[in-house]
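Asks: Go ahead and model the full structure; you've got the sequences and the hints to work with.
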Amino acid sequence: MSTHFLTVESLKKVFPPTNGIANEPVFEDINFYIDKGEFVCIVGHSGCGKTTILNVLAGLDEASAGEAFMDGREVRGPSLDRGVVFQSHALMPWMSVLGNVAFAVKSKWPDWSKDKIKEHCIGYLEMVGLGHAIHKKPAELSGGMKQRVGIARAFAIQPKMLLLDEPFGALDALTRGTIQDELLKIVQATHQTVFMITHDVDEAILLADKILLMSNGPHAKIAEIVEITMPRSRTRSEIHHDPQYYKIRNHLVDFLVNRSKTYAGAEAEMFHDAKNPPVVRPGLEVERAPVIALATEKVVSQLQQVKHAVNQ
Amino acid sequence: MSAKLKLKAAFISLLMLAVFLGAWQLATQPKESAVQALADSEYAALMGKGQEKSGFPTPGMVGKSFVQYLSDPFYDKGPNDKGIGIQLAHSLGRVAVGFLLAVAIALPVGFMIGMSPLLFKAFDPFIQVLKPISPLAWMPLALYSLKDSDISGIFVIFICSIWPMLINTAFGVSSVRRDWINVARTLEVNPLRKAFLVILPAAAPTILTGMRISMGIAWLVIVAAEMLVGGTGIGYFVWNEWNNLALPNVIFAVVMIGIVGMFLDLFFGWLQKLVTYRE
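Those sequence lines, one after another, are chains A and B.
Going by this note's numbering, 49 is the number at position 49 of the first sequence; the sequence numbering is gapless.
Take the position in the second sequence, starting the count at 1, then add 1000; the result is the number in this note's numbering.
I should point out that these hints are in silico values taken from the structure, not numbers from a laboratory.
Please note: incorrect hints may appear among the correct ones.
[Said to hold, decoys possible] Straight-line alpha carbon distances no greater than 30 Å define the calculated DSBU-like cross-link-like pairs of lysine-lysine that follow:
{"hint": "1", "chain 1": "B", "residue 1": "Lys1194", "chain 2": "A", "residue 2": "Lys108"}
{"hint": "2", "chain 1": "A", "residue 1": "Lys136", "chain 2": "B", "residue 2": "Lys1008"}
{"hint": "3", "chain 1": "A", "residue 1": "Lys118", "chain 2": "B", "residue 2": "Lys1194"}
{"hint": "4", "chain 1": "A", "residue 1": "Lys116", "chain 2": "A", "residue 2": "Lys36"}
{"hint": "5", "chain 1": "B", "residue 1": "Lys1194", "chain 2": "A", "residue 2": "Lys114"}
{"hint": "6", "chain 1": "A", "residue 1": "Lys261", "chain 2": "A", "residue 2": "Lys185"}
{"hint": "7", "chain 1": "B", "residue 1": "Lys1273", "chain 2": "A", "residue 2": "Lys114"}
{"hint": "8", "chain 1": "A", "residue 1": "Lys185", "chain 2": "A", "residue 2": "Lys160"}
{"hint": "9", "chain 1": "A", "residue 1": "Lys118", "chain 2": "A", "residue 2": "Lys160"}
{"hint": "10", "chain 1": "A", "residue 1": "Lys118", "chain 2": "B", "residue 2": "Lys1077"}
{"hint": "11", "chain 1": "B", "residue 1": "Lys1008", "chain 2": "A", "residue 2": "Lys137"}
{"hint": "12", "chain 1": "A", "residue 1": "Lys136", "chain 2": "B", "residue 2": "Lys1273"}
{"hint": "13", "chain 1": "B", "residue 1": "Lys1194", "chain 2": "B", "residue 2": "Lys1008"}
{"hint": "14", "chain 1": "A", "residue 1": "Lys247", "chain 2": "A", "residue 2": "Lys185"}
{"hint": "15", "chain 1": "A", "residue 1": "Lys36", "chain 2": "A", "residue 2": "Lys12"}
On a predicted model such as this, the values are computed, not experimentally measured, just so you know.
Replies: Put into structure tokens, the structure is as follows:
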């Protein structure tokens, strides 16, 4: 057994045959681990099975092969140890905001008194900036506020691990930004272990300690693990001034645009070990300047020398 | 603005009522015939001539029976002469008992079927065959096996109200949003709490729609059932007055059936609104 908080070993998912024709596995040989307090994002194109991996970790779905262990125990079925924030917020529309969070809290601590539950819930709702809206129905809230309630509900049960399935996917850019900031603050304060799916490269860089890059499905694998080497105290307004930022961003975009499709097939397997996907730190790499750029630089320096000479 | 609209609509409604009553009056007005002037009017009456009546009561005659029955709705002068209030109470009582029995069966069974795709499929052929049977077709079997006309009436109400509720409950329960179920699963909510706090409220609008349809059908069927079964109730009242050839009373009863039906529907509409949620 490994010593990591969460370990995923040789996970594979094949959907049942459609019309008698066997399906190819969506993903296979998925191996990764998450340590306590780590924030891990998983990035990949649609159809590579990100959501299925998250659902397996949540216990809502079953893998066709492979195991996941959390805290030394096999993940089997849903558990209060893992809080989930759903993409579509999944609030119960007939309950108030407070009711939704209280439903979760009461599930975790059934013998708490009403007052204690309420107090606990309000604390978490205030944390996401919704202290004023606790008696509203979800239908009266904006998309961003609903998602905040979803986040408060997940945090309120104080899970050992938080699973976020593209929580900001349906939000507009402005709202998304502010909620990202809030999530960042909360996670930094609570040292929550988080596994999050996202399509947004910038979001991943801002929030994550490491990013799992998935190749395209079927036969999707974890192609690389990108470590975000920038200091943890990041803010959305300043992160892009960090010299590492664009190196990391370019690396990720380059992967998604060019390299994500080249990991299937025997050829790729020759130089890619899915059991131990390579860990890269693009932020710390010395700029690999393209050849053409080098050439121009030379020309420029030569020109300058010429200029210098002429001036003299 | 909407108040103004309501006022206008009310005005037009009243206008339509007035036009209808006027036309009715004109169509049923007794016409003076030439015979009356010539001969002995008593003789003419004896010969079935004289005043040429259409035979259909005028609005005034119907109005009179409205006043007569509504002024004393709860009198009881023997088995064939009871106030309209008592008759309606008997009908409503039968509907209530039959309907509540149907609720008691349809909700749990519908819940079960809705939760399990297997049972849904297994029950489906029976539901599909039993649903389109006219409830009155059960009457002979009910009378034979239950040996009691009153209970048979209740049985007919029960059998006609069960299907819409059963189908709607099963459908409502089976189509609860996957996300809500998943939330309950990740929170390790126990089955009973999940059923009452997640599935029931989620399916409640659909279930109430089924109940509303059931109640509508039950109120339609009770009239026919009581005509067959006899004894008491608004249906029996209609049949009795028809046998007395008291058409004004029949018309009065018809209007009462409509009004009570409307209030029943309004009540279920109100319940429906109570459990409906906005997403």
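Asks: Which constraints among the numbered hints does this structure fail? Numbers only, ascending.
Replies: Numbers 2, 6, 10, 11, 13 - these are the hints that the structure violates, sorted from lowest upward.
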